[in-house]
Amino acid sequence: MSDTRIVADRVSKWYGKVVGINDFTVSIGPGVTGLLGPNGAGKSTFIKLLVGALRPSKGKLEVLDQQIWGNRRLLTRIGYCPEHDGIYEDLTGREFVTFMARLAGMSPPEAAERAEAVLEQMGLGKAAHRLLREYSKGMRQRAKLAQALVHDPELLLFDEPLTGCDPLARAQITQMIKTAGQAGKIVIVSSHILHEIESMTSEIVLLYKGQVLAEGNIYRIRDMIDEHPHQIRVECDRPRELGQQLVLSPEIRAVEFPDEGTLVLETHQPDACYPLIPKLALAAGIKIRSLTSPDNNLQAVFEYLTQKRGPQGVARPAGLSPGPSGGEPRARQSAQDGTRGRAA
Amino acid sequence: MTQGTVSGLSAMRQIASMSLRRARRGRMLWLSVAILALMVGSAVVSLVSGRGGLDFFDGMLDLMLRYLAPLVMLLHGASAVSEEVQARTITYLFSRPIPRWSLPMGKFGAAVVLGLVLLLTAAAATYFITMIGEPGALLPELGSLWRGLLAAALAVLLFGALATAFGTMVTGYSFVAALFYLLIVEVGLALAPGWLKVVAMTVHLRVVAGLYHPSTTLYMADPKLDPTISVAVLLTVTLLWLGVALTWVSSSEYRTDK
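Chains P and F, in that order, are what the protein sequence lines are. The numbering of the first sequence is the working numbering, which starts it at 1 and goes up by one. The numbering of the second sequence is the working numbering, which starts it at 1 and goes up by one.
It is possible that part of the hints are untrue.
[What the hints assert, rightly or not] Going by beta-carbon spacing under 8 Å, a handful of chain P positions derived as facing chain F: (1) Trp14; (2) Leu75; (3) Tyr88; (4) Ala104.
[As the list claims (entries may be wrong)] Far from chain F, by Cβ distances over 10 Å, these chain P residues were calculated: (5) His84; (6) Gly86; (7) Glu134; (8) Gly164; (9) Ala171; (10) Ala284; (11) Arg289; (12) Leu291.
Simulated from the structure, these hints should not be mistaken for lab results. Remember, it's a predicted structure, so these values are computed and weren't measured experimentally. Where is the CB? At the ideal position from N, CA and C, for every residue including glycine.
Okay, chain P solo, but in the shape it has when bound:
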């Protein structure tokens, strides 16, 4: 395993008055790291900064221990698959990948050999002679990935790599990404679809509005979430009655009734709440139909940290300080709305 890392220290990128990423601090090591965030979060901007296509407006960005902007030697060690669908429509798959291999500095025979191998690996061996304009979206995506892999780089940057892929291609690409991560390469994968990232890695960087919202292991981020208002959704026959009972407990922070027959609790102590709810319901003779937590998966974590936290959409977990992470998860920027009241 290489010790080299990607270190962004308070990096900002502005497009005129538009902020691409802002005060972005993150540290990424070998293995697969998922960049997770909604559209416009700054994922692609960060990846373009990493590949030297954009110059940081501010801050320091080191890729494999070197400055990247204007450092073309470093590009021999980077493979990049962009998020867009742009491709050389009038080249064949073989011509495209061979051309990119040649531009990576390979000799003609080596480029041809590697192009064949990587096209085969991506399942495009039989379609290599066809023009790229004749490829399906999934095939184009695999051709884009093939050109990123052809020179066997140490750092792989995949921007939305599963876009347009069918289930089989998704499985192949996911496996390829995991294998590259296990081989000690630094693999950065962006997506706005949470289960895609979840299927590849548990190491994530959450982005929102150009800022790092949190980074680290998804399970540690879950721990972090547990220190914060955690939602439990209860479907029962007398939700208001149960709510009145629950609101008296110190563990419950707020109670909501989103619709008839449903009660949503907010708590800082989910572990204490899960036994308390059935206990009180049993005592009052209330029938519980379901008891779920929207926070049980990555989607919930993401939504929790972003969309459900008011105008800024960002939560700040208490006790976690911002700064380069050496492994501890962290989050920053707060805009807790606190609009929900306690049940009367």
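Chain F: place on chain P using the hints.
Chain F only, in chain P's frame:
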């Protein structure tokens, strides 16, 4: 893998080769062929109608140097970087260890190869078709052809460089921007009286081809221009346009997000 950075010349060669391959499969090549076929077709018509000869060839060459050469080179060169930005394929190229200048230079190289093949072939074909009607003058007037071919080659270089510069600086509607420039400077100023017309490169091309005949009016006289100096001017301006393109591409960020 043992690859290192790629030399500028090697990258340029790769990009030029790829551009030529794509041009062979694209429509622009056939559009250029069609434009130049009109010139050759006119020569055939002139031959059939018995109005051929050196004067006709000079007229066709003048048309080529003033309008057809700029148009053909714009078709092939004005998309230098802009095409890559529009199609977003520039992200692949700039993620490779190549010097940035190799992109416009590779595109320029491809445009020049195509331009030379097309324009020189068209000029030579026009000459021989036109002169078939005057077999006795075919060889004695070969000097006109050589001067015409030299002027056509310089036109390819000059307008290729100009198109590359516009294609590098203007990422949207670069063809229109370059065409606008040509209409004002090359067409407009070439018609201006007196020394103002030396700004138009088509005037220098016509000097090289032996087609420039200064006229004197009551108020103003056209400048007398030397072919050697015109060649130097044309080559210098070509290098200036290329310098603009290379400087621009080396310092620019090209955004591909819409």
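We went through each hint and held it up to the structure:
{"no.": "1", "hint": "Trp14", "result": "violated, 12 Å"}
{"no.": "2", "hint": "Leu75", "result": "holds, 4 Å"}
{"no.": "3", "hint": "Tyr88", "result": "holds, 6 Å"}
{"no.": "4", "hint": "Ala104", "result": "holds, 5 Å"}
{"no.": "5", "hint": "His84", "result": "violated, 5 Å"}
{"no.": "6", "hint": "Gly86", "result": "violated, 3 Å"}
{"no.": "7", "hint": "Glu134", "result": "holds, 12 Å"}
{"no.": "8", "hint": "Gly164", "result": "holds, 15 Å"}
{"no.": "9", "hint": "Ala171", "result": "holds, 25 Å"}
{"no.": "10", "hint": "Ala284", "result": "holds, 56 Å"}
{"no.": "11", "hint": "Arg289", "result": "holds, 47 Å"}
{"no.": "12", "hint": "Leu291", "result": "holds, 44 Å"}
Comparing the model with each numbered hint stated earlier shows that hints 1, 5, 6 do not hold.
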